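Below, each chain spelled out in residue letters.
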Amino acid sequence: MTQEPIGSPEIYRLQVNGESHDVQDAWLGESLLYVLRERLGLPGSKGACEQGECGSCTVLLDGAAVCACLVMAASATDADIVTVEGLAPDAALTDVQAAFLDEGAVQCGFCTPGLIVAVHHLLEHNPEPSTLETREALSGNICRCTGYGRIFAAVDAVVASRADQAAR
Amino acid sequence: MTEASAPPAATATATETVTALRPGVLGTNAARPDGVPKVQGRFAFANDLWAENMLWGATLRSPHPYARIRSVDVTGAWKIAGVEAIVTAEDVPGQPTYGLIRQDQHVFASGYVRFRGEPVAAVAADHPETCRRALEAIVVDYEVLTPLTDPEEAIAGTREPIHPDGNLIRHQRILCGDPEATGPIVVEGTYEMGMQDQAFLGPEAALAVPDDDGAGLELYIATQWLHEDRKQVAACLGLPEERVRLVLGGVGGAFGAREDISLQVHCSLLALRTGRPIKMQYGREESFYGHVHRHPAKIWMRHSASAAGEIIKIEARMVFDGGAYASTSPAVLINGVTHAQGPYRCANAIVDGYATRTNNPPCGAMRGFGVVQACFAHEGQMDKLAAAAGLTPVEVRLRNAMRTGDPLITGQPVDSVAPVERCIRETDALPMPPDLASDADVLSLPGGTGRTADRGHVVRGVGYGVAIKNLMYSEAFDDYSTARCQLNDGVVTLKFATAEVGQGFLMLAQQIARTILGVDDVMLDTIDTQIGSSGSTSASRQTWMSGGAVDAACRKVRELLFEAVADRYGLPALQLAIEGTDVVDTIGTLRVPVGEASMGLRLDETVEYRHRPTEDLDENGQGNCHVAFAFVAHRAVVDVDPELGLVKVVQIATAQDVGRALNPLSVAGQIEGGIAQGLGLAVMEEIVVTDGMVRNASFTDYLLPTTLDAPTVVFSLIEEPDPQAPLGAKGVGEPPCISVTPAIAAAIRDATGRDIRRVPVRPQDICLA
Ligand code: FES
Ligand code: FES
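Those protein sequence lines, which keep their order, are chains A and B. To convert, note that position 28 of the first sequence is 28 in my numbering; the numbers rise steadily by one, no gaps. To convert, note that position 314 of the second sequence is 314 in my numbering; the numbers rise steadily by one, no gaps.
Chain A with its partners taken away, still in its complex shape:
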């Protein structure tokens, strides 16, 4: 049991949404989720389980969708991190965000940021997923409010409109 303050004198640097942030006086046991939320003023990523089961903390780490609750912040210093706040410039909405609103995929919204990141990631790698591919890709993102029906509708709407745009 320590009687010393838990902050570490070491400073480390994170690249988040294209900006570089110094983290200092932090306890080195902090998760990336904690540091984003509590130290960098980026509370968009949510924590509903802190053990990789719910996906509400989903962020992109060098393009891969990961659970920020399972990543030690101090080990992510070399990575390019994108959170929900970094998907679109201030006040703008991505097509996925707009579709979530249009299709009624948002209720309490606690799952929403993680799902939005996960859907962006899915469609980046698989622009026209089958129903089952969508379900499998999003199966790590729990939503307790919607029963997922409107979320599937939002994904379908984005797929259709992107295909439409590509055809033009």
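Hint data in this document are derived by calculation from the structure and do not stem from the laboratory. Hints are not guaranteed to be accurate.
[Said to hold, decoys possible] Anything over 12 Å on all C-beta distances counts as not near chain B; from chain A, calculated:
1) Tyr12
2) Glu19
3) Glu50
4) Glu103
5) Asn126
6) Thr134
7) Ala167
[To be verified] Between beta-carbon pairs, the in silico distance windows are:
8) B:Asp211 / A:Thr131: 49 to 59 Å
9) A:Ala160 / B:Asp435: 26 to 36 Å
10) B:Met599 / A:Leu61: 46 to 56 Å
11) B:Pro723 / A:Thr131: 34 to 44 Å
12) A:Ala160 / B:Lys231: 43 to 53 Å
13) B:Ser698 / A:Arg162: 33 to 43 Å
14) A:Asp22 / B:Pro63: 39 to 49 Å
15) B:Val491 / A:Arg162: 32 to 42 Å
16) B:Cys767 / A:Thr131: 24 to 34 Å
17) A:Asp62 / B:Arg159: 53 to 63 Å
18) A:Asp78 / B:Ala81: 24 to 34 Å
19) B:Asp211 / A:Pro5: 50 to 60 Å
20) B:Ser698 / A:Pro5: 50 to 60 Å
21) A:Arg168 / B:Asp525: 37 to 47 Å
[Said to hold, decoys possible] Quick look at which bits of chain B chain A covers, simulated, 3 or more residues with Cβ under 8 Å:
22) 493–504
23) 597–611
24) 663–670
Keep in mind the model is a prediction, meaning the values are calculated, not measured. Note that CB positions come from ideal geometry on N, CA and C, so glycine has one too.
Model the placement of chain B with the ligands on the given structure of chain A, informed by the hints.
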């Protein structure tokens, strides 16, 4: 009919009405005002809040389900750098106990701990990790006692009381008609339901900010009912209510689990102690310990019926385990016993219900509130009755379906619109899913990517469930909701204390104001205790109650507006109406935009909306105890591998009595979300408790439906506006999760021939039955 993949506003009936309406008014899929910040990650949930100089709070909880506390030694925790406050039972300045109906739970355990997870102490420190270390350093000396975990022992009275109030929280009997009545068909069964968790996604969280003088505070809290929280928090802190101001922090779902106090008092107390803002948030494990759950229940039922399958009498014995503290158990029990007959006519009944106190986790409100348990039992009985009478499940339900005006076994006439027959017929008419393809992807088979069914073994089954659900609070509770409407220079501002927990009340309030006042922009004031109570966001009541209050406040303001316009133009106010965004003279030619008509005016009305009064039940369970009712039917199609006991719910069809769909897209969301929770209860979700210990307090071990478990949902909305309801609309939140569970259980019985008596249905209940 609406496929889950098609937006509901595009249905045949909805299109005609929707396209004719001005965007954003009642009946349209108006946008949520909290939608944009929610998709951007900028919406502030309670645990996103932060204050200068803030400390973290954390709670020490009992590791035992039942123990006497010999001593609590906090000296070790004080030695840890960064610890700023430690509080225990001795430090509670006001009333030591709290509770929604009975104040029987200590803020911090005093003398005894009565469930695993009961709060014993709390600390405030500079970092969550410091808090964790401080909690570890607190030494509690427990004399471990043998827990009372069997509700039957609590009823029998064979054990010493585990609480001064005794081991029985409530018993209620219903006696109706002729107790000797009988018939040629008698069917009986015993039905069991496990303990379900609300599992809202945003764990409990609050930020308490003390006033400079240390004699009051502001509490930002994710809750369902600000004013009830304030009442309990102020009492425990020994402060006048006006010194405790509550502000709604963003709420990440609720489903009943935020109706009781969790961290409110602890967080406030630490703030007053330290004079600094305190942030508290539970992790998922603590959330399982920190809120009440759905009551596990055991229900025996016997139905006597005519040879034609008409119900003559029901007998039931219903046991709801309330766990260590009362919470809302007395009210949950009453919902259970008064809904024992289901949505069916029944003239004779003997029902006994018990809510017990044990050392199991406390149980209280969860979506469906006592009716979920009753429905699982009465629907199991209806299928037995169908079989005995040689009827199909649909026929037996149609034959007994309640109609408007029929009496309940409490003697109360069901004077809400009761389209039970339509619910059943329309559900049955919805299309069936395609057969399971012979080359079906493994992901669509029972078991999915885990233990996967053998395609050749999979059998399909179909089952039905129908439900009645009371709306609003019952038993003479004087329920009301307050709303304020201001119209200043063409700008409408609404204020209320209604907790937006995700259901979409903010959007509905704007829709009402746009409709009544003919404005497009509606501002929403902060949701806090600086106005009268709006009651709880529960019991499917806010559309009716707070919707009713907003509607009434807007109508009053509209009257004032008409008077002003009438004055100005020398017209009788009675001749004026709102058409689109204009005030118009219905007889003459005057047409003024509302914005212009209200220039220079400051109109301001506050209204308290009340529903009609209800009564207590007498000792025979007779009385008009409920306000109103809604109805729903579900049909489930399942694929089962009987060898492995795996189930895949393929499709749910449902027709729901909604009165009027004020926002069809939101209704769809409630229906699909409720179905997912009912599916969870049917085949996945259970808090496993052995000897009073929770065995699966995590999302790894408590299984929630994922995208791969979600069935296809097809539904039909039954819109017969209820004349009692201020907007014609019935609450739509609870019905979707009620009869879907028994429908799935029935479908599993149909597929396998197994006698399924318990939910959640576990693999062993199928393959070892
Ligand atoms: S909080 Fe990271 S997966 Fe749940
Ligand atoms: S909207 Fe509430 S958890 Fe998904």
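So, going through the hints one by one against the coordinates:
no., hint, in the structure
1, Tyr12, "holds (17 Å)"
2, Glu19, "holds (16 Å)"
3, Glu50, "violated (6 Å)"
4, Glu103, "violated (6 Å)"
5, Asn126, "holds (15 Å)"
6, Thr134, "violated (7 Å)"
7, Ala167, "holds (21 Å)"
8, B:Asp211 / A:Thr131: 49 to 59 Å, "holds (55 Å)"
9, A:Ala160 / B:Asp435: 26 to 36 Å, "holds (27 Å)"
10, B:Met599 / A:Leu61: 46 to 56 Å, "holds (55 Å)"
11, B:Pro723 / A:Thr131: 34 to 44 Å, "holds (42 Å)"
12, A:Ala160 / B:Lys231: 43 to 53 Å, "holds (51 Å)"
13, B:Ser698 / A:Arg162: 33 to 43 Å, "holds (37 Å)"
14, A:Asp22 / B:Pro63: 39 to 49 Å, "holds (40 Å)"
15, B:Val491 / A:Arg162: 32 to 42 Å, "holds (39 Å)"
16, B:Cys767 / A:Thr131: 24 to 34 Å, "holds (29 Å)"
17, A:Asp62 / B:Arg159: 53 to 63 Å, "holds (59 Å)"
18, A:Asp78 / B:Ala81: 24 to 34 Å, "holds (32 Å)"
19, B:Asp211 / A:Pro5: 50 to 60 Å, "violated (29 Å)"
20, B:Ser698 / A:Pro5: 50 to 60 Å, "violated (30 Å)"
21, A:Arg168 / B:Asp525: 37 to 47 Å, "holds (45 Å)"
22, 493–504, "holds (count 4)"
23, 597–611, "violated (count 0)"
24, 663–670, "holds (count 4)"
Going through the hint list in order, the structure does not satisfy hints 3, 4, 6, 19, 20 and 23.
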